Each structure stands twice: as structure tokens, then as C-alpha cells.
Amino acid sequence: MQRLPLSRAPRAVLLALVGLLALPACSDDEEGTGTPDAGNTIPDAGTRTDAGTDAGTDAGTDAGTDAGTTTAWPQDFSCEGKPQQTLTFNANQVQELQDAVNSLAACTTIQLGAGTFQFDNALTIRANGITVVGAGKGAQGEGTGGSASTVLDFSDAAGNTNGIDVSDAKLFTVRDVALWNAKKDALRIENSSNILVQRIRTEWAVENNESNGKYGIYPVKSSYVIIEDSEAYNAADAGIYVGQTRYAIVRRNIAKKNVAGIEIENTKFAYVQGNIAQDNTAGLVVFDLPGNPIRGTDVLVTGNTITGNNRNNFASVSASSSTVSQVPAGTGTFILASRRVEFVGNTWGDNNTVDIAVLSGLAIEPDLTLWSAGFFNFASSDVYIHGNTFQEGSGDMVDNGHPDAERRPLGALVGAVYQYGAAAAGVSLVEHLLWDGIDPAPRNESLLNPVNICFTGNTLPATTKAAIVDLDLQAVSGHLLSASPNVAAAWGETRRFTQGAAPFNCSGFSPKLALP
Amino acid sequence: MRKPYSYGLGLAAVLLTAAMASCSGGEDPPPPGVDAGSNGTEDSGTLPVDSGTPDAGVDAGVDSGTPDAGDDAGTPDAGPGLPDGSVVIPTSLADLGLFTGSPATGGLQPVQGNIPYELTTPLFSDYALKFRTLYIPPGKTAAYRANDLLDLPVGTLITKTFSFPADLREPEKNVRVIETRVLVRQPGGWEAYPYFWNAEQTAATLAVGGRVVRDIELIDEAGVTRKFDYLVPSKNQCSMCHHVLDSSQNQVLLPIGVKARYLNRDYVYGGQPANQLQYLADLGKLTGLPASNVPRAPDAFNPAEAELGLRARTYLDINCAHCHRENATAGDTSRMFLDLDSTATLNLNMGVCKRPGSAGSGVGGEFDIVPGDHSVSILWYRLHTEESGKMMPQIGRALRHDQGSSLIADWIDSMPARSCK
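Those protein sequences? They're chains G and S, same order as listed.
So the first sequence is numbered by this note's numbering: it starts at 1 and just counts up by one.
So the second sequence is numbered by this note's numbering: it starts at 1 and just counts up by one.
Just so you know, the hints here were simulated from the structure itself, not pulled from any lab data.
Among the clues, some could well be false.
[To be verified] Here are the in silico distance ranges between beta carbons for each label pair:
#1 105(G) - 388(S): 30 to 40 Å
#2 312(G) - 386(S): 22 to 32 Å
#3 83(G) - 229(S): 36 to 46 Å
[To be verified] According to the in silico footprint, chain G covers these stretches of chain S (three or more CB under 8 Å from chain G):
#4 208-222
#5 251-257
#6 270-277
#7 348-356
#8 390-400
None of these values were measured; they are calculated from a predicted model.
Backbone N, C-alpha and C define an ideal beta-carbon position, used for all residues, glycine too.
Please work from the sequences and hints to get the whole structure.
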């Protein structure tokens, strides 16, 4: 709880901020302009031509939804004209597989037969032009490979290891396999480029298990990444987590039963389309973490279904500082410390806490010094939500009715305020869009929408009155956390807006998104 | 209404916001201070004698691949070598020609020219006993560097043999040798190879895929029986620890321990104790060794050698800083720089009152280091826990190092207590 109100910044921070102003304000962005806007040239991605066609069709203004389809991404490695070979392994040849993987020539395809591969260590890949392909990802719950599925089972692997662990690999493809019970991350890809993750499944056997591995599909510090037609279940952190990456396409995936379904973190130029995020604690989130030097921007979220994300948060049982453990159950989407994010053609509904929350990074980390690495990227701004469908059933039971002020303070605060609102003002549902009102810090009450959140042309339930709430988190928490809490005063700090009300009826931001 | 900001901050933030707004769509300007090399940090833990040497550490190995051979062409190299100095990696360790005998015959002995050494503070690996050797090809030399890895020539072989005695209190008895790891300086850079010893202890065979040795039993120094699975890392896993990112953000493999500060101690050669660095210099294998002011990392567990803070930082340096430094993966992500050379702000980048961005589940606290209280400090928790997914380092241990855990706990507890916000 004590972390919610912005702390008084130490003098050093003031000095740092003032000092910053003396720096050259901007540097050229070699990536933001003239970006190669598109898909992938990884062999046989196959289905890419239909990307985006079903997204955002009701929007009219959905520039960019058919991005990711035409032009080739740059590649700093190619297998064209190089010797290529295929190595085939069956489930009883795991040691041979491990030996081969550690002596790989570039441009090798590792063909895995159907069945269950029992690993005692990670499958670690450090070469270029590698493809890992199995017989199929099988169905949810399958921990044993069948005649048309390949399950890589890490149940008995050495502690602290990932499943498939890729690092420093250019042009890497993995497809048609399931990764089962990894000790840490199921598929971790780091510092790599031109990545295709296609038709894989990452899963842990036991639901709601804190000691499950953290991430299902986790490309990090990479570039030109495609994750498509894949599934992620039961991760104790995030099912699909694109982190610190430039140019990512995440499409047609299913993320269920994770703490967070899909996360886009500190990532520039991401296209998130046609995914299903259901039955997670939080469905789909876009955020920057403090202390990371990559400043996330330009994220298009389109054609996704983000409904029924009401799984109790199982990220931790003890005090923890992980961001995800602080998320209240029932969060459809949150945007935190993010900018230039566009949502079009998505569906939300039945998310018990809220469909979308737009939050400042200061809500989780008030110490500005910790945001210095990303040039003080705590603020959220330029969030354009249009042409989406909001179904019923959201915002009616914050954090599933089990607030925890210590572990999930935001949920506890919102829950307390709305409990009062329901009784005193007849506002029983949290509005579809909740803005914490923090940015740009410090708050100026006379500016209703200083960070340019646009919410227009969305289909709302017939019962919807207000669609947007400016929660004024600082003021609300100030009233609720004072020595003599005053919930009526806290409620009085909140302001509601209907869809179409100025100034949230704006039409986006410019320039338009620079997309993959 | 509550007014949470001081006026000064408000003004600064407004100005900052204005400055940021003008950068809309722009790439991030470099964060201030990140590349500051030498601007007067409170790096009180640095070694006392390393003054004057610029930018240690991070550029090590970037010059790998520079062919520094050539003039020694006719020198008969021991071991299997190619004309360009490349070492052919044999299937059998014996074929490297670095050792005679075997554990089964009562001892694995390095051949002449394959020089054993020890570190002042070694990296912990499940209490394994480690036997290290350094082989520099005939006619070639290593160059001294004050804070960096020794500059070792192409053809250099570094070996480390891991073994477990049944009882750590009697380390000479009932020893099982598990693996010998070999680092090779090839013309294109360093490479790492694990050799796995057979059950008979007669031969070690290349095992690039790694191995898991189940159910090793060990009685520790306190008489407690420990049972665990030991992981022989695969070749590709070696780079999880032995790496640094070069200027193109590609991983470059590097040794860890062969730095002057860890080599600056005695070893008994042929019954005579000698300083290891001096011994190398006397053999003509090391050039540029200064007559004085050679840095020395203390034995982290000998209070007579250094004060607690330096010993703790030394332990973190050898155990953590191969990743937790600038230009290495974990340092990049966590912004924790635990190397002794770090010029970053001591307090924050060592983790004092620093909240991790994403620490994962149940890591014992909210901040990396809470001064005065190790029990809620994530840094300590990470190296104390034996839980998969939570423990550090990422690879290389299944067991807790009780001594190391205590050292870091004592260090954190010795810091003037204050609460973090």
C-alpha cells in the first residue's frame, strides 16, 4: 500500500531531472522512420498472407491492421546458398540430440519425431539458421506425445534450467512441438533476431501452481520476432512475454490459465493480432518496466479476444516485487508506462476488475531514479481505443472480491472506492476504461485528458452509462490511506465520462504507428 | 486534497515532460550516466591498487580473433595444433596431451608446461573441488593486465577438473572426478568444452551435450549429508556464464578467473611456494608483470585479508559479475552491476534500495539490498535459496554455499540500517 502514493522525490532526483533538460532533447530514430513494415521471410511461414484480414474490420480508421504482410524484414543472416542439413531424432535419442545441438553447423534443421522426449537439461541453441520442428503441438493437457505430436518433457530436468534456451541465434525457427513442465521458462530466446515461433504449445501440468515455470514463450532482447498459432497455459508469470524487443508480431495465439496471458514489455513496434487471452489473472498487457533502457512504443492491438480473465493471482505466496504478482484478478488489459498504443477491433468482457486500465509507471515505482535508464519512461500517453467491442460482465467484482491491500494494492483501492460508489452513487461497475490520472506528473486538475487517451466508436453494452473513469489514484489513495480514511472524499475525487464525451473523443495521435 | 509533490519536483517534471513531448517518436537519448566512465563514483569497494587503468573488464576478449601468432611459426607446439594455432578438439581428453595418469591410477598429473594454479577466491560450484591448469603454447606469452583477464595467446588451454570427495572434511579421500572443462583460445575466440569422466575414472570423453549426474552424496564441512543432482553443462551452456556482449551485441565467450587479482597468490610448485604470477613471468610465459602494485582480490573468507565489504564484493565479483556487469546479459536486464571494476553508482547498482523490475515470484523481499537486513534482501535470498527458478547463479549450483550466504548476510547486516521506499 505504501507504494501507491508518489513519494517525495529526493533532492538527487530533482537535480537529475533539471540536469536532464540540458541534454539534447532528442536523437535521431533510425527505426521509427522508414521502417521496413512487414512480415517475415522465414521460409514457409505459410499463413502470413491472411494476417490481419479479420482484424478491426469495423473500425474504418484502423490504419495498419494489415501490416506485417508484405515487405521482407531485414536479416543479418541468411541460409541461402549455404549448405543445409536435416538431423532427425526420435524420443529415445535425447542424449544424441543434446550432443548434436551443441555441435550444430549453421543452417541445420532438427527434426524431432512424434512422441515424448524426456530431458534432463535444457535444449540450448547458440547457432544461426537453426530450425527445430516436431510432429505437432498436440492438445492442451497432453503431457505425452502421440503419433502426431512431439512433447518435450522437462519434468525431470535439472533445476533452474529452461526448456528450449536460445541465445545469440539469428534466423531461428521452432514449430510443431509442445514444451511441458519446464523448470523456468519453456521457450526462452535471448539476444536473437529473425525468430519464428509457430504452432507450439507451452504448458505446465498443474494449474494455479506458484512453482510452475515463469514464462511460456519468452523472446527477450531480440528483434524481428513472430509468434503465431501457438498456445500457452499455466505459466506462473506470463504465457507469452515479448520483452525488450524491436519488431514483433504476435498473432492468432491462445493464452489461458496463466497469471498474465500475453505481455508486451519494453518493446518497440509490436503487432498483436487475433489472439485469445482468456482465463488468466490479466489477459493482455503492455508495459515498460523501470530500469530498462528500451523505451517501449508503437504497439497495435487488434482483433484480440480478451474475456473472462478472472483467475486468482497465483504468482506468489510471499512478499514479492514482481510486477505481475500485484495485478488484481479480473484485469482484462493494462497499459503501464506505455505510449503510442492503439486498440482496435478487440473484444473485452467478463473481466471482473476492469476491461482496460491505463496506468502510470509511477503507480508501481514512484522512485524516478529507477526510470532513468529508459529516459524517464514512466508515463503512459497516446492510447487510442476505438472500434472495439465491450461485452457485459466486466468491472463487477474487483479482484474477484478478495482484495489484498498488501500484495495487490491497486485492486484493493479500486475495490474500496467502488464499494462506496455502488452504495452511495449507484455506480456498481468499474467503467470499461480506468485511467489512474497520474500522468503527466504532477497532476493538473484543469486538464481532463493531458495524456491523450482516445476512446471512440466502441460498441458498449446497452447498460453502460459512463465508459471512462479518471480515478485520480493519488488523491483517492491519499484519502484512503490517511490516518482517518475518508472513502466518500476518495469517491469524490473520481470523474466519469461517457463515450463520446470530450476530451476523450479524440481521434488518435500522430504520426501513426510505425508497425512491423 | 493531498498534495504529494514538492514544488520543485513538480516544476522539474513539467519541464521534463515538455522535453519528452518534443521527442515524440524519437529514439531514446542515451540515459544519463550509463556510459560515464570515470566520473567520481563512490566505488569504495574497488581494489586498492588498480588506479589508473581505464575501462577494465568490459572490453576483454573483444580482440579475440586477432591473430597474434605468426612469428613463432616453426615452434613445435605441444598438443594437437594446426598451423594457424587452432587446437583440434579430440574426443578423448587424453588426446589433448595435457595430463598423464588418471584418477583411477592415483592421480591426474599435468604435463610440464601445463601449470596448475588456484584463485584467491574461487567461484562456488556445489562444493566441487576444482583443479585448474593453464597451458600456454611454447613460444607464446600472456600479457599482464591490471584489472582485466590476462591477455592469453591463441592456443592457450585452461582446464578445470571438478570432483567430489565423499566427505568434504577429508577432501583427499574417496574422490570422484566428474568432469574436466576446457577453455581453448582459438584464432576466432574462446571456446569451451566439457569432458565427462567415466565411472572407472580412467578416461574423460567429450560430452558437448552435457550430462546430469544424479544423486551425488556429499558430507559437507559441517558434517551434514547433502544429496543432489549435478549438472555438467553442455557446451552451449558454458556461455551462460562465460560471456560478454561485444560492441555488435554478439556474445563473446571469455574465461572468468584468470585475472591478476585472483592469480596473485602463492602456489606450491615442486615443493617450493611461489607467487603464481611471478612464476609465470619467470617461466617467460607472462610479460608486463609490474614489480609492485599488482592488484589482489582477497580470500573472501579470511577476515585477516580484507574488511568485510571488500570480501563480500569479491565474492560477488567472482560468483556473479560474469553476468552482473555492464555488457552482460543479467546486468543489462537487472541493472545490477556486481563487478569490482564497476564504475556505476555503488549503492544503486549494487542493489541498495533498488527494486528489481521483474524479480519473479517469492524472492524474499521488495528490494535487492535492504541495508541492515539481509533477511528481506533479494540479493541474499537469491544466493541462499535452493529453489529452482529463484536461485542464483542461473546455472552451476544446486546447493547453497553456506559460507557465501553468511558472508553476504553479514555484509548486508553491517550496512547502516535504513528502510527503502
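Cross-check of the supplied hints:
| no. | hint | verdict |
| --- | --- | --- |
| 1 | 105(G) - 388(S): 30 to 40 Å | holds (32 Å) |
| 2 | 312(G) - 386(S): 22 to 32 Å | holds (27 Å) |
| 3 | 83(G) - 229(S): 36 to 46 Å | holds (38 Å) |
| 4 | 208-222 | holds (count 4) |
| 5 | 251-257 | violated (count 1) |
| 6 | 270-277 | violated (count 0) |
| 7 | 348-356 | holds (count 4) |
| 8 | 390-400 | holds (count 4) |
This entry does not satisfy hints 5 and 6, going by the numbered hints stated previously.
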